[in-house]
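> Residue-level listing of the chains:
4 protein chains.
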Amino acid sequence: MKEAIFKGIIAYPITPFDVNEKVDISLFKTLVERLVQSGANGIAPLGSTGVLPYLSDEEKEAVTEAAMQQVSGRVPVLAGVSCLTTERTVYHAKFAEKAGANAVMILPMSYWKLSDDEIFRHYNTVAKAISIPIMAYNNPATGGLDMSPVLLKRLLQIPNVTMIKESTGDVQRMHSLRKELGEEVAFYNGSNPLALAAFAAGAKGWCTAAPNLIPGLNNKLFEAVANNNLKEAQDVFYKQLGLLQFMVGKGLPRVIKAGLNIQGVESGYLRSPLAVLGDEETAQLKQILATLN
Amino acid sequence: MKEAIFKGIIAYPITPFDVNEKVDISLFKTLVERLVQSGANGIAPLGSTGVLPYLSDEEKEAVTEAAMQQVSGRVPVLAGVSCLTTERTVYHAKFAEKAGANAVMILPMSYWKLSDDEIFRHYNTVAKAISIPIMAYNNPATGGLDMSPVLLKRLLQIPNVTMIKESTGDVQRMHSLRKELGEEVAFYNGSNPLALAAFAAGAKGWCTAAPNLIPGLNNKLFEAVANNNLKEAQDVFYKQLGLLQFMVGKGLPRVIKAGLNIQGVESGYLRSPLAVLGDEETAQLKQILATLN
Amino acid sequence: MKEAIFKGIIAYPITPFDVNEKVDISLFKTLVERLVQSGANGIAPLGSTGVLPYLSDEEKEAVTEAAMQQVSGRVPVLAGVSCLTTERTVYHAKFAEKAGANAVMILPMSYWKLSDDEIFRHYNTVAKAISIPIMAYNNPATGGLDMSPVLLKRLLQIPNVTMIKESTGDVQRMHSLRKELGEEVAFYNGSNPLALAAFAAGAKGWCTAAPNLIPGLNNKLFEAVANNNLKEAQDVFYKQLGLLQFMVGKGLPRVIKAGLNIQGVESGYLRSPLAVLGDEETAQLKQILATLN
Amino acid sequence: MKEAIFKGIIAYPITPFDVNEKVDISLFKTLVERLVQSGANGIAPLGSTGVLPYLSDEEKEAVTEAAMQQVSGRVPVLAGVSCLTTERTVYHAKFAEKAGANAVMILPMSYWKLSDDEIFRHYNTVAKAISIPIMAYNNPATGGLDMSPVLLKRLLQIPNVTMIKESTGDVQRMHSLRKELGEEVAFYNGSNPLALAAFAAGAKGWCTAAPNLIPGLNNKLFEAVANNNLKEAQDVFYKQLGLLQFMVGKGLPRVIKAGLNIQGVESGYLRSPLAVLGDEETAQLKQILATLN
Numbered sequence: 001m002k003e004a005i006f007k008g009i010i011a012y013p014i015t016p017f018d019v020n021e022k023v024d025i026s027l028f029k030t031l032v033e034r035l036v037q038s039g040a041n042g043i044a045p046l047g048s049t050g051v052l053p054y055l056s057d058e059e060k061e062a063v064t065e066a067a068m069q070q071v072s073g074r075v076p077v078l079a080g081v082s083c084l085t086t087e088r089t090v091y092h093a094k095f096a097e098k099a100g101a102n103a104v105m106i107l108p109m110s111y112w113k114l115s116d117d118e119i120f121r122h123y124n125t126v127a128k129a130i131s132i133p134i135m136a137y138n139n140p141a142t143g144g145l146d147m148s149p150v151l152l153k154r155l156l157q158i159p160n161v162t163m164i165k166e167s168t169g170d171v172q173r174m175h176s177l178r179k180e181l182g183e184e185v186a187f188y189n190g191s192n193p194l195a196l197a198a199f200a201a202g203a204k205g206w207c208t209a210a211p212n213l214i215p216g217l218n219n220k221l222f223e224a225v226a227n228n229n230l231k232e233a234q235d236v237f238y239k240q241l242g243l244l245q246f247m248v249g250k251g252l253p254r255v256i257k258a259g260l261n262i263q264g265v266e267s268g269y270l271r272s273p274l275a276v277l278g279d280e281e282t283a284q285l286k287q288i289l290a291t292l293n
Numbered sequence: 001m002k003e004a005i006f007k008g009i010i011a012y013p014i015t016p017f018d019v020n021e022k023v024d025i026s027l028f029k030t031l032v033e034r035l036v037q038s039g040a041n042g043i044a045p046l047g048s049t050g051v052l053p054y055l056s057d058e059e060k061e062a063v064t065e066a067a068m069q070q071v072s073g074r075v076p077v078l079a080g081v082s083c084l085t086t087e088r089t090v091y092h093a094k095f096a097e098k099a100g101a102n103a104v105m106i107l108p109m110s111y112w113k114l115s116d117d118e119i120f121r122h123y124n125t126v127a128k129a130i131s132i133p134i135m136a137y138n139n140p141a142t143g144g145l146d147m148s149p150v151l152l153k154r155l156l157q158i159p160n161v162t163m164i165k166e167s168t169g170d171v172q173r174m175h176s177l178r179k180e181l182g183e184e185v186a187f188y189n190g191s192n193p194l195a196l197a198a199f200a201a202g203a204k205g206w207c208t209a210a211p212n213l214i215p216g217l218n219n220k221l222f223e224a225v226a227n228n229n230l231k232e233a234q235d236v237f238y239k240q241l242g243l244l245q246f247m248v249g250k251g252l253p254r255v256i257k258a259g260l261n262i263q264g265v266e267s268g269y270l271r272s273p274l275a276v277l278g279d280e281e282t283a284q285l286k287q288i289l290a291t292l293n
Numbered sequence: 001m002k003e004a005i006f007k008g009i010i011a012y013p014i015t016p017f018d019v020n021e022k023v024d025i026s027l028f029k030t031l032v033e034r035l036v037q038s039g040a041n042g043i044a045p046l047g048s049t050g051v052l053p054y055l056s057d058e059e060k061e062a063v064t065e066a067a068m069q070q071v072s073g074r075v076p077v078l079a080g081v082s083c084l085t086t087e088r089t090v091y092h093a094k095f096a097e098k099a100g101a102n103a104v105m106i107l108p109m110s111y112w113k114l115s116d117d118e119i120f121r122h123y124n125t126v127a128k129a130i131s132i133p134i135m136a137y138n139n140p141a142t143g144g145l146d147m148s149p150v151l152l153k154r155l156l157q158i159p160n161v162t163m164i165k166e167s168t169g170d171v172q173r174m175h176s177l178r179k180e181l182g183e184e185v186a187f188y189n190g191s192n193p194l195a196l197a198a199f200a201a202g203a204k205g206w207c208t209a210a211p212n213l214i215p216g217l218n219n220k221l222f223e224a225v226a227n228n229n230l231k232e233a234q235d236v237f238y239k240q241l242g243l244l245q246f247m248v249g250k251g252l253p254r255v256i257k258a259g260l261n262i263q264g265v266e267s268g269y270l271r272s273p274l275a276v277l278g279d280e281e282t283a284q285l286k287q288i289l290a291t292l293n
Numbered sequence: 001m002k003e004a005i006f007k008g009i010i011a012y013p014i015t016p017f018d019v020n021e022k023v024d025i026s027l028f029k030t031l032v033e034r035l036v037q038s039g040a041n042g043i044a045p046l047g048s049t050g051v052l053p054y055l056s057d058e059e060k061e062a063v064t065e066a067a068m069q070q071v072s073g074r075v076p077v078l079a080g081v082s083c084l085t086t087e088r089t090v091y092h093a094k095f096a097e098k099a100g101a102n103a104v105m106i107l108p109m110s111y112w113k114l115s116d117d118e119i120f121r122h123y124n125t126v127a128k129a130i131s132i133p134i135m136a137y138n139n140p141a142t143g144g145l146d147m148s149p150v151l152l153k154r155l156l157q158i159p160n161v162t163m164i165k166e167s168t169g170d171v172q173r174m175h176s177l178r179k180e181l182g183e184e185v186a187f188y189n190g191s192n193p194l195a196l197a198a199f200a201a202g203a204k205g206w207c208t209a210a211p212n213l214i215p216g217l218n219n220k221l222f223e224a225v226a227n228n229n230l231k232e233a234q235d236v237f238y239k240q241l242g243l244l245q246f247m248v249g250k251g252l253p254r255v256i257k258a259g260l261n262i263q264g265v266e267s268g269y270l271r272s273p274l275a276v277l278g279d280e281e282t283a284q285l286k287q288i289l290a291t292l293n
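Residue numbers (the working numbering), protein chains in the order written: chain A, 1 to 293; chain B, 1 to 293; chain C, 1 to 293; chain D, 1 to 293.
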């Protein structure tokens, strides 16, 4: 069995910008600190929530370094390094390793659809260039490519590809993964509204931006599952479902930023073309958050 | 809260045919008896498994009456009465009530897509014509129409529409149903590979043809959930998942018929154009069943 | 090359009902007569427009006979005989042949998805039972099954399967059909908004309910194509596109019935659950029709 | 009516790489020259075929400048400038204008799905920063966003958004565009297998990589349409359809590169993760090309 570094709640910080749409590293550190203190079991900078693909090379490096400094070993760090080209992915994976990240997360990105062989070579090339583990990330909605359980099984033959993050939103994929790959496969859920179903299916952790807003409820769900208490898990899940659905429906960076504002936490600006939630949506979010406190 | 007559495992018998493709009522009764004795919490003749739409009016009546006689009150009976026209649906719903069915299941069927208003009127007309409860059944894959949670909520305003069966295969629909309709809504799972996720989401029962082949495993899953034992439920679920996926992939009537044959139980013939599994598929099924004993 | 009986505009009458939702044969004959006199190149009773699947066996027979009597050899007749079971399809195909139909149209219908082998056997069994030609009809939106060009090629190996009607709404299917099956394949378009693209792709005819409302424009499109006048065809097509899109969007039987009413032609009632267009939709249709006169 | 700079065949060069996966500007110029000399009515560097998103800022600039130098005013140049962020898109649009491009093409790119308002602001911000016309490009398969006819209509209200390129592969979109936007809208087809249907629908031009391999057939199709000769257009179209379908199925950069090799033209290397066609696919392509000579 391959070792799984991460379990439980793996929290995704946003990447905040200043009024000129420059990355605000100082505010980023503050937001990371909140996540660590709220009880997250891991921190994952430069994920989808962290708008990785919208950043320049230099910005990605600065964010990775800031995350490592702020977390400072209190929990493991999973750094996003996905790029469209293999060469840039290798570059950022090596940077993350050198900066001290515990693992890297890689989403195969599409402009041109990639064949299974192309995807395998992409992962294999990156994997050979680093010594830390890789989490293979499947998210057709953002990355544009859908990796089948068969391909994921093949990727797991690469020695340091040790974890899978599944974000299709279809729990049957997780069932197939576990059936195909065996009980010991370390798979993680990246689809927020599937949190309960994924844990029931055996997911080792939940990769989520929700702890920016509702860390207590997120932690309680994991605890109920760990305690084998299905009824409690169901109850805690339905409490937070409204927010999880809203996050996915409106886009994580937009909702987390707006939610932090509502909670009185500075959250900076977004980078265009991404724009803040409109007034009506903000009011909806306010109402959803109000019912959770 | 509306009363839910059914809970646990609601078992679907196939409708067997003789060599001339005529319904074999005697064999049907034998197969129903097996289901009752294996511990099913309810019996549902004339479902998709029972190839309802492939039968004539007279055949439907004969099957309904045979089911009532054989079950003889030991468990509740849910009779399928779905037809393309409202007039025929009313006719068979009244027949089922008179025959003693505890409830009827109605799938809105499509040749022409129906508007929400047309679907509502269809249910309302049938509901007014009978006194027993109705289970509204959503299964776009067979019926061709997908009822949204909003429409299902509207249908539940009809007094004797008291239960919902969800078969889209997307557990998020069940989450939305429960969120939209409240904790007390009686929803049932009709998608076999979702059995675990659906119970975790709060489904009151599992409508399934699987007890024709593996009643013990089906019952154990429901018991583990009822005992709030998530780990046991997960374990029992993964044991039977291979068969559940195969059943859905190849079509319930084909697989149940073939599986009964493999188990040495007479199962008759199918009605054309439905045809028996090929040799390769039968060998696959044999292998799957072998691992379950 | 197989002979193609039909070309140009093949017109679909609705099946009108009386106030008690019984088929109104007398009115049906009147509507068929209008289509013949308006210049249709063929008449196709019991199509989707004619709500075939909503009729009883006796009603189907009465409609077929009425169509033959009224058309009386002036143009060829294509009778719809699709049923869910092979046995009923054979029955109605034989009835249509005896009644004098020039060909039958068969849509493979789905409740349970059929395999390619099951579909082939279904057609082959019917084909052997009759001597007149068969038009194989592909329409996943109504029938629930999508026949690939490869399967259609296989069906054309059956001697009296001589024509294909394509209604997926994707012109690339027609391109593939012609590429796969050769220049001589007789394929027909059943997707109204594709009328121009299909003729450009080489379709021999257009199976359509539109001549109930705008026969002149339909005929002109075919003539422009026959005259190799692309610019004229484009012009005539865009004139009628609004109606064609509305027909498909709201459902053919509903729109034809409402449109005939608007034009002052008696059109009877629909059979439940199908319901008449609402006031707003009727007003839209009135406006579309007004621009065409 | 807004002026349309482009008509007919707008040809897309590939961006060739050397063995170290660096852009080979000299070879790029050679390939552009071939396109101009083969009779293309316009040249479009940095399209999907030119793997725009896989290039660095500096590479994009070098390619744009090289194209301008090589074309040298013989035909108009349409420069691709699409980027994920608004800021980078503005940057490259200004660069293209300064370099002398006649227009820029902009595809709204998705990682996070964009709202209609976000897309509108994106285009509007770029449009205000330049004086040359913009072609709005809709291609959900590569860009991940699908712009509705309603949104495209809104974009055309921006003064220098004057052209639309539609690449959904659904000719009904073009019908709706023309119906929604009027006869004078300048829309272009970007879906190769739709070339005939798009011209029949009124497309002003065909944006295609095919002239790298079969310029004669591409030009003949446009000429037949311009001569109002539908039968000839149909004939020429079916001759080239096999190649057009293969190009789309396997990915434009891979197929153009392989096809040039087969034709004895140097075409360089691809940038990873994009990889060359396998042996079997190359053999298929060889056979397709052989039938066209």
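Keep in mind the hints are simulated off the structure, nothing from the lab.
All of these numbers come straight from a predicted model, not from anything done at the bench.
Each hint should be verified, as a subset may be incorrect.
To be verified - Heads up, incomplete: computed chain B residues facing chain C, CB under 7 Å, no partners named:
no.	residue
1	8
2	118
3	249
4	250
5	251
All C-beta atoms, glycine included, are put in the ideal place defined by N, C-alpha and C.
> If a hint holds in the structure, say so; if it doesn't, say that too.
Against the structure, the hints come out as follows:
1. 8: This interface hint is violated because 26 Å lies over the 7 Å limit.
2. 118: holds, 5 Å
3. 249: This hint is violated: residue 249(B) lies away from chain C, its Cβ roughly 10 Å from the closest one there, beyond 7 Å.
4. 250: violated, 9 Å
5. 251: Holds, because the Cβ-Cβ distance from residue 251(B) to chain C comes to roughly 5 Å (cut-off 7 Å).
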